[in-house]
Amino acid sequence: MKKIILFVSVVLFFFTSIANAHGPVRQKAEEKITINAPAAKVWEIIKNYGDMSWHPGIMSTTVKGDNSKGAVRVLTLKDGGTITEELKKYDEAKMSYAYKITDMSSSKTITHAGAEEKVPALPVNDYAASIELADKGGKTDVIWKAGYYRAYMNNNPPEEMNEEAANTAVKAVLETGLINLKKLAEK
Amino acid sequence: MFSLNCHRTILGKKAVAICIATAFLSTPLAAQPFAYRDVKLGAASFAYISNQLDDSVSVIDTATGGVVDTIAVTGKPAGVAVAPDGSKVYVSTPEAKGFAVVDSKKREVIARVAVNDGTLGIAVSPDGKRIYVADWYKNNVSVIDADSLKIIRTISVGESPSGLVVSPDNRWLYVANRISNSVSQIDLKTLTVKKTAQVGTHPFGLTIDARGERIYVANVQSDDVTVVETARMKPIATVKVNMLPYATALALNDSRLLVTNQDDGSVSVIDTETLKEIALITVGTKPEGISTHPDDRHVYVANWFDGNVSVIDARTLKVIDTIQTGEGSRAFGQFMGK
Numbered sequence: 001m002k003k004i005i006l007f008v009s010v011v012l013f014f015f016t017s018i019a020n021a022h023g024p025v026r027q028k029a030e031e032k033i034t035i036n037a038p039a040a041k042v043w044e045i046i047k048n049y050g051d052m053s054w055h056p057g058i059m060s061t062t063v064k065g066d067n068s069k070g071a072v073r074v075l076t077l078k079d080g081g082t083i084t085e086e087l088k089k090y091d092e093a094k095m096s097y098a099y100k101i102t103d104m105s106s107s108k109t110i111t112h113a114g115a116e117e118k119v120p121a122l123p124v125n126d127y128a129a130s131i132e133l134a135d136k137g138g139k140t141d142v143i144w145k146a147g148y149y150r151a152y153m154n155n156n157p158p159e160e161m162n163e164e165a166a167n168t169a170v171k172a173v174l175e176t177g178l179i180n181l182k183k184l185a186e187k
Numbered sequence: 001m002f003s004l005n006c007h008r009t010i011l012g013k014k015a016v017a018i019c020i021a022t023a024f025l026s027t028p029l030a031a032q033p034f035a036y037r038d039v040k041l042g043a044a045s046f047a048y049i050s051n052q053l054d055d056s057v058s059v060i061d062t063a064t065g066g067v068v069d070t071i072a073v074t075g076k077p078a079g080v081a082v083a084p085d086g087s088k089v090y091v092s093t094p095e096a097k098g099f100a101v102v103d104s105k106k107r108e109v110i111a112r113v114a115v116n117d118g119t120l121g122i123a124v125s126p127d128g129k130r131i132y133v134a135d136w137y138k139n140n141v142s143v144i145d146a147d148s149l150k151i152i153r154t155i156s157v158g159e160s161p162s163g164l165v166v167s168p169d170n171r172w173l174y175v176a177n178r179i180s181n182s183v184s185q186i187d188l189k190t191l192t193v194k195k196t197a198q199v200g201t202h203p204f205g206l207t208i209d210a211r212g213e214r215i216y217v218a219n220v221q222s223d224d225v226t227v228v229e230t231a232r233m234k235p236i237a238t239v240k241v242n243m244l245p246y247a248t249a250l251a252l253n254d255s256r257l258l259v260t261n262q263d264d265g266s267v268s269v270i271d272t273e274t275l276k277e278i279a280l281i282t283v284g285t286k287p288e289g290i291s292t293h294p295d296d297r298h299v300y301v302a303n304w305f306d307g308n309v310s311v312i313d314a315r316t317l318k319v320i321d322t323i324q325t326g327e328g329s330r331a332f333g334q335f336m337g338k
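Top line first, the protein sequences correspond to chains A and B.
For what it's worth, our numbering labels the leading residue of the first sequence as 1, then goes sequentially.
For what it's worth, our numbering labels the leading residue of the second sequence as 1, then goes sequentially.
Keep in mind that the hints were calculated from the coordinates and are not lab data.
The model shown is predicted, which means the values in this text are computed figures rather than measured ones.
DSSO-like mimics (lysine-lysine), calculated; alpha carbons at most 27 Å apart, straight line:
#1 A:Lys47 - A:Lys88
#2 B:Lys338 - B:Lys318
#3 B:Lys276 - A:Lys89
#4 B:Lys318 - A:Lys136
#5 B:Lys318 - A:Lys145
#6 A:Lys78 - A:Lys183
#7 A:Lys28 - A:Lys171
#8 B:Lys318 - A:Lys88
#9 A:Lys94 - B:Lys318
#10 A:Lys28 - B:Lys97
#11 B:Lys276 - A:Lys69
#12 A:Lys32 - A:Lys139
#13 A:Lys88 - B:Lys240
#14 A:Lys94 - A:Lys136
#15 A:Lys94 - A:Lys145
#16 A:Lys69 - A:Lys145
#17 A:Lys69 - A:Lys94
#18 A:Lys136 - A:Lys182
#19 B:Lys189 - B:Lys138
#20 A:Lys28 - A:Lys94
#21 B:Lys276 - A:Lys88
#22 A:Lys171 - A:Lys183
#23 B:Lys318 - B:Lys276
#24 B:Lys318 - A:Lys89
#25 B:Lys195 - B:Lys138
#26 A:Lys100 - A:Lys183
#27 A:Lys47 - A:Lys78
#28 A:Lys94 - B:Lys240
#29 B:Lys240 - A:Lys100
#30 A:Lys100 - A:Lys182
#31 A:Lys89 - B:Lys240
#32 A:Lys64 - B:Lys240
#33 B:Lys240 - A:Lys69
#34 B:Lys138 - A:Lys118
Okay, the calculated beta carbon distance ranges per label pair:
#35 A:Ser60 - B:Ala279: 41 to 49 Å
#36 A:Ala40 - B:Asp103: 53 to 61 Å
#37 B:Lys240 - A:Glu92: 17 to 25 Å
#38 B:Lys240 - A:Gly65: 16 to 24 Å
#39 B:Val68 - A:Pro56: 42 to 50 Å
#40 B:Val68 - A:Asn36: 41 to 49 Å
Built from N, CA and C at the ideal position, the CB exists for glycine as well.
For reference, chain A alone in the conformation it holds in the complex:
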């Protein structure tokens, strides 16, 4: 009997986690940096979707496809984790592109509310981001925006997978990336 109850609750849990896909409140992050270099120079560094070597948190990038919609890149992080992202929009003229996370490895497994939870490499869900350059006459504004949900999609998240964890992690990714991009472009 116990086994049946366990089985049923696991099945129910599985269904709820799908159904709740948009239950929690979506979060946002936006970081901007002004670089003392022309936009063309900055664009040259970031324009290849399959090359994210400008970001200090990323060890290597592999890509399927070119700089056009549908290209899929796999980022391998310094700690060995992977993030798979699909290019959703690419605009050479506007010097911008947008992408979405489609898959991630997990950084660890925790137990929460009696269930095992895999904490993804970036503790978010349904993550979409865009990066764009604005030519400021010899200088460049780089704007990096992201919209996402916390990693835990049911009620009462564990602290590793709540809004704060998601916001802190995303802010760090955007900030460290932009600081390094500035360093590279101003060389």
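Assemble chain B onto chain A, guided by the hints.
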């Protein structure tokens, strides 16, 4: 205020056009007071924009194009439905497990109604007597008496019900079931599901034409809009739009359908006769809620990421104004009121 002068001297369509032309030439667009929007209506009209990350609702006076008030609404306000007489605004608050009733004169919350854990989609009947609230978690729609604020009935629908719309004759309620890829048709006399139509992948926002003959539902996953004929509850067309279409609105005598493309930062415009996309208008980042002004011409779009509202002229297919609102503007539902 030249536009007010225009207002008083209008004799026909020609005069309106002249006023607008003058308005465009005389002052920069952003600072433009849009009094001409009310030419046909002749009365004040407000847009109520839920700002989910700010726990507030911005009240836009469409005559001036400015936010005239910001109402505190806790519980992460998401869905909006304005009573037909404009006296009340119903705002779903998923984190407060229900919805808030806002008095539009006092501009404050006068009641809170507990419904369920996952309230998102909300609509009000054309006679103002009932409120319908979809529950994302419980897969049902609650029917609430607008006077007593008591739940009359709870109706099971498909999985993760989202957008709701009532037919203009107050006979049917249509519900987009996101996970079930379907639209339920609820008979409002018997309060039971009569028919269900399969649509595209993950339908979310929907709208209905003035005759109640067609519904247009945005499918977030399949990047298209399904057109459903209500008489038979059968899809009659699928129109490809852009990335992640979220919600829909009709304008200009139902001749134009406008669709927010959340991941593209744009609004697709569809000719409802040919059922082809005729324009793609760039708005802000992550556009979500969309509603048409009572003048049937200006369409308001809440840009979630930017925390502002784009105003589209459906005739010229241009963005004529951008109004700052608050963090996480969603305004999911019919947010335009008298």
